[in-house]
Amino acid sequence: MFPIRLGSSATTAGKIFPRDIDDGPQPNSKNRIIKSKGDPQFSDELANLLHHYAGRPTPIYHAKNLSRLCDGAQIYLKREDLAHTGAHKINNALGQALLARHMGKERIIAETGAGQHGVATATVCAMLGLKCIVYMGAEDIHRQSLNVFRMRLLEAEVIAVESGTKTLKDAINEAIRDWVTNVDNTHYLIGSAVGPHPYPMIVRDFQSVIGRESKGQMLAIANEVPNCVVACVGGGSNAIGMFYDFINEESVDLIGVEAGGHGIDTGQHSAPLSAGRPGVLHGSMSYLLQDDRGQIIGTHSISAGLDYPGVGPEHSYLKDISRANYVSVTDEQALEGFHLLSRTEGIIPALESAHAVYYACELSKTMSSDQSVLVCLSGRGDKDVPTVAEKSNIEL
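Position one of the sequence shown corresponds to residue 363 (my numbering), numbered consecutively onward.
Each hint should be verified, as a subset may be incorrect.
To be verified - In silico lysine-lysine, BS3-like type, Cα no more than 25 Å apart, as pairs: (1) Lys727 x Lys426; (2) Lys528 x Lys727; (3) Lys727 x Lys577; (4) Lys426 x Lys577.
Said to hold, decoys possible - Distance windows between CB atoms, simulated: (5) Thr543 x Asp433: 55 to 61 Å; (6) Asn755 x Met465: 22 to 28 Å; (7) Arg430 x Asn585: 40 to 46 Å; (8) Gln403 x Thr543: 28 to 34 Å; (9) Asp546 x Pro421: 41 to 47 Å.
In case anyone wonders, no lab produced these hints; they're calculated from the structure.
If you're wondering where the values come from, they're calculated on a predicted model, not measured in any experiment.
We treat Cβ as the ideally placed atom computed from N, Cα and C, and that holds for glycine.
Put together the whole structure using the sequences plus the hints.
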């Protein structure tokens, strides 16, 4: 499948961008990614860094205690939290940074919500000797102060975005403005499977290592592919990376878990696939949270990484063709998933991942013990401990 198809349908499309940008970095990036796929030197360098620097392959762990407690299907965790920097974001950051270097770009800009993509980008830039600027909403800077310190420790410049809702959407807006102004020497290292083509394709390709590894590992562990694959969905990079190698496995149900916030019926959530409709944002048409005039409306999630009003166009396509199902989990349920995995398996998940953990447990209860659910544990929860403590009225 290719993005011209897997990113466009009767209602969603993968590329809507002004001509001055479209004629600038877009073809350059598109041609480079296509050329690099067949470049043994690039592929070997990326594979070497993914193994020796990022720590791939990440393992799959059979969560026996959680499975026993949920009393249904066997639950397995794809441990992206064990990758260098603590999340799946390093996969894409390494790939795009290498592309940027091959294109002669010396300056990298990025957006970040939860801070994990910002940390991954800053990490890779430090290793490759590239200048790094990260745009982050002021609200997210407050929520994710630990990751802000980590980025600055890595000598990245972190720019607080004070416009709009001061969250991920606004950080992307500012990053795009920077990119438009500095296209000659700057690569925009976008962190999720959003934006204009070829970005959703680039991000998906670099994140598809998650699903590719998972498929082989599950065959080795359980002698079969899982019955269900579950991943949290904000912009959707970890989910599309996990789903991609399973798309043609018709026996495998693909389930994306969005941020239900205070509940879909309250309007205070970040679940465009569950409650949105098609619209245009950041260079592509996809499902969005918008008002009757097409204006983006405010979002809410306890998880900064899921607090986004749109979603990657490939997820919209998978929804339209009914290949994947998308559900939502509230803040309170995500907190329950956070505590549940922590106390049963000794694994503290990111709040983003906790959405998927909670849903996987509920789903497993409807299945038999000889069936399996594979969860993408997209990141670790160190960054979220202050938020969880605050919600629990605990002063650190």
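* To do: Return holds or violated for the Cβ distance of Thr543 and Asp433 against the range 55 to 61 Å.
  => With a Cβ separation near 56 Å, Thr543 and Asp433 satisfy 55 to 61 Å, so the hint holds.
* To do: Go ahead and decide if the range 28 to 34 Å is satisfied by the Cβ distance of Gln403 to Thr543.
  => Because 32 Å falls inside the window, the suggested range holds.
* Restraint status (C-alpha distance of Lys727 to Lys426 at most 25 Å) -> This hinted pair holds, its Cα atoms lying about 14 Å apart.
* Asked: Measuring from beta carbon to beta carbon, are Asn755 and Met465 in 22 to 28 Å?
  -> violated, 50 Å
* Hinted pair Lys528 and Lys727, Cα distance within 25 Å -> Violated - the C-alpha atoms of Lys727 and Lys528 are around 38 Å apart, more than 25 Å.
* With respect to the beta-carbon atoms only, verify the hint that Arg430 and Asn585 lie 40 to 46 Å apart. => violated, 21 Å
* Asked: Under the criterion that the straight-line Cα-Cα distance not exceed 25 Å, is the pair Lys426, Lys577 satisfied?
  -> holds, 20 Å
* Asked: Taking 41 to 47 Å as the hint, is the beta-carbon distance of Asp546 and Pro421 inside that range?
  -> holds, 42 Å
* **Hinted pair Lys727 and Lys577, Cα distance within 25 Å** => holds, 23 Å
Hints 2, 6, 7 from the list above are not met by this structure, while the remaining hints are.
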